[in-house]
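Chemist: Which chain is which? The protein sequence lines are U and R, in order.
In terms of the numbering used here, the first sequence is residues 1 to 396.
In terms of the numbering used here, the second sequence is residues 1 to 234.
Note that these hints are calculated values from the structure, not bench results.
In this text, all values refer to a predicted model and were calculated from it rather than measured experimentally.
There's no promise every hint is true.
Stated by the list, open to error - The calculated label-pair distances, taken between Cβ atoms and stated as ranges, are:
| # | chain 1 | residue 1 | chain 2 | residue 2 | range |
| --- | --- | --- | --- | --- | --- |
| 1 | U | Gln124 | R | Gly62 | 56 to 64 Å |
| 2 | U | Leu303 | R | Thr63 | 54 to 62 Å |
| 3 | U | Phe337 | R | Ala178 | 51 to 59 Å |
Claimed, not checked - Calculated Cβ distances over 10 Å to all of chain R for the following chain U residues:
| # | residue |
| --- | --- |
| 4 | Ser18 |
| 5 | Gln51 |
| 6 | Pro98 |
| 7 | Glu111 |
| 8 | Ser215 |
| 9 | Phe277 |
| 10 | Ile281 |
Using N, Cα and C, we set each Cβ at its ideal position, and we do this for glycine too.
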Amino acid sequence: MVTLDHAGSPRGMARSRSRGVQRLAVAVAALALLGLFLAYAEASLNGYRQQLVTLVAINAIIAVSLTLTSGFTGVFSLGQIGFLAIGAYTGALLTIAPQWKSEMFLPGLPEWLATLDLSAWPEQAALLVACVAGGGLAALVAALVGAPLMRLSGHYVAVATMGFLIIVQAVAINWEGVTRGARGLSQIPGLTGLWVAYAWVVVTVYAVWRLRASSFGRAMIASRENLIAARAIGVDVLRKRLLAFVVGAFFTGVAGSLLVHQIGTAAPSAFYFTTTFNVIIMVVLGGMGSISGAVVGATILTLAPEYLRDVEDGMDLGPLSFGAHYGLAQIILAVGFILVMIFRPQGLFGDREVGPALLGRFRPGRRRPAGLSPDATPTLAPGVDEIPADDRSRTG
Amino acid sequence: MLILEDVHVAYGAIRAVKGVSLEVQDGELVALVGSNGAGKTTTLRTVSGLFRPRLGSIRYDGTDLTTLAPHEIVARGISQSPEGRQIFGSLTVRENLMLGAVRRKDRAALGDDLDRVFDLFPVLKERIGQSGGTLSGGEQQMLAIGRALMARPRLLLLDEPSLGLAPLLVQRIFDVVARLKAEGVTILLVEQNARKALEVADRAYVLETGRIVLHGPARELAANPEVERAYLGG
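Chain U with its partners taken away, still in its complex shape:
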């Protein structure tokens, strides 16, 4: 894609080249830091903690996907977890050993899948196949479902995508010959480790960041901010939204496959409203238009309940002694979310990103003075179907 950053001006070209070098340096430094952290986590943390850190990565992938699908476009999707389920079941069915598949009695599986045996493969190759296939199928379904749904906006698209989630749930529960119904699939090999999970985080963040920085990203943000203007100047809103929906579904599908290869089971209950709302909270907490916000939101929401669990068991604070109060962790978390929404409704990051040079959002002169932004609050885009109604009062 041709971009026109400072086209024609040698000084501009030199400047953008030096910014490129700077960005590369920041990216390398960030990757090195991540590598150090993972090496430390692998060496020092116990198995449970390592799993938690891996779960942070998986949630971060889902949250960043939702940032692309909903945060950038303003299309509020409640169906994201449906793609997580598709990726999860697809990945699981590819890697569960054939003897377990026959033991679990899955008559709905085609012969090739029932007998497919990836256990002889190198573990990471098998997981890669499971992830790409899971993501790919999720993306395919997203393309089919999204074509009609992405025409909708606002609460219409929220309800319609929730309908998709309900359908996926119904299929997962009732297609017993393939999914084993409510009991779910088990004996999924534990192939997901720290490194591969974070490798996918890096791929997801990079892909979504590149999309955001492209003319495609500009057009997405434009259609979120002002649908009428975006369409009037020629943005093909449907296509932008659909691409965001499909790419978001792909990475969510990948996360689904990573997830089941970490926990070893795939049951429908893991892919429903609770998970949906958790991911939405991650994204809203971090800031609906921010990739780094999504990562931070996912980290907080994954780790906080674990640390707050100690609080539930009671503690002594000087002269004060607290007994055990179960449920306290959720209350503390919920109050925290309420406070953030009251005092920082745009989420922790809003539209901003951390890593100025890396992400190129904080260039001098681009910063909006606080309080001057007419759109600090991420809102649902006005609906395509709502234009006439909304327009009536201002029509000349």
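Position chain R against the provided structure of chain U, taking the given hints into account.
Modeler: Same frame as chain U, but now just chain R:
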């Protein structure tokens, strides 16, 4: 050449445009004037494909526009500067302008077009890295027109470019409109400020509650006692 024939547009049960016919010849500056609620913006947005007419036809150089999506209409050389500016507040001036060229294939020429917009509106060059939301109303209007020009339109639709601007800025905007016309851009201008619009336009149509009630050369309309009483405050 743009030709509207008996165009009807409705929002649900409310009929906003009831049989508008008008045409814009190549190189012309045609004004569509009328009071608030007359259906001017609706007419313009229907040309852009944002609304579908219930009845009637809209043709541009022989192509039927009524079945095309807005982005396809922009690709055919019709771009719009919408009412109320509608710039993208969190994107920079530069990003706003680049978005105007979103349908252009000849991306190599965009640098020249940016220069042309900066030539028309030098203040935008000073503000290039600033986010659109921080601009003043007049600057935002300039940005909206500049953004529409980045599509390198053959037909430019301007919706209320003077709305809410101080008199000095209104004059500046109309100077630019006149300059664009002199450069050969075909323009369909929607304005409540009938006096200004009739000054720059070649021909004009007067719209009242969804219908064209008068049309003719702009100079004749400006001298028409009825128009003077109703729209020029004479």
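Chemist: All hints are to be evaluated individually against the structure, with a verdict given for each.
Modeler: Comparing the hints with the structure gives:
1. U:Gln124 with R:Gly62: 56 to 64 Å: 60 Å Cβ-Cβ, so the 56 to 64 Å window holds.
2. U:Leu303 with R:Thr63: 54 to 62 Å: Hint holds: Cβ distance 58 Å, inside 54 to 62 Å.
3. U:Phe337 with R:Ala178: 51 to 59 Å: At 56 Å between Cβs, range holds.
4. Ser18: Non-interface label stands for U:Ser18: nearest chain R Cβ at 17 Å, farther than 10 Å.
5. Gln51: Non-interface label stands for U:Gln51: nearest chain R Cβ at 38 Å, farther than 10 Å.
6. Pro98: holds (50 Å)
7. Glu111: holds (45 Å)
8. Ser215: At roughly 7 Å from the nearest Cβ of chain R, U:Ser215 sits no farther out than 10 Å, so the non-interface label is violated.
9. Phe277: holds (27 Å)
10. Ile281: Non-interface label stands for U:Ile281: nearest chain R Cβ at 23 Å, farther than 10 Å.
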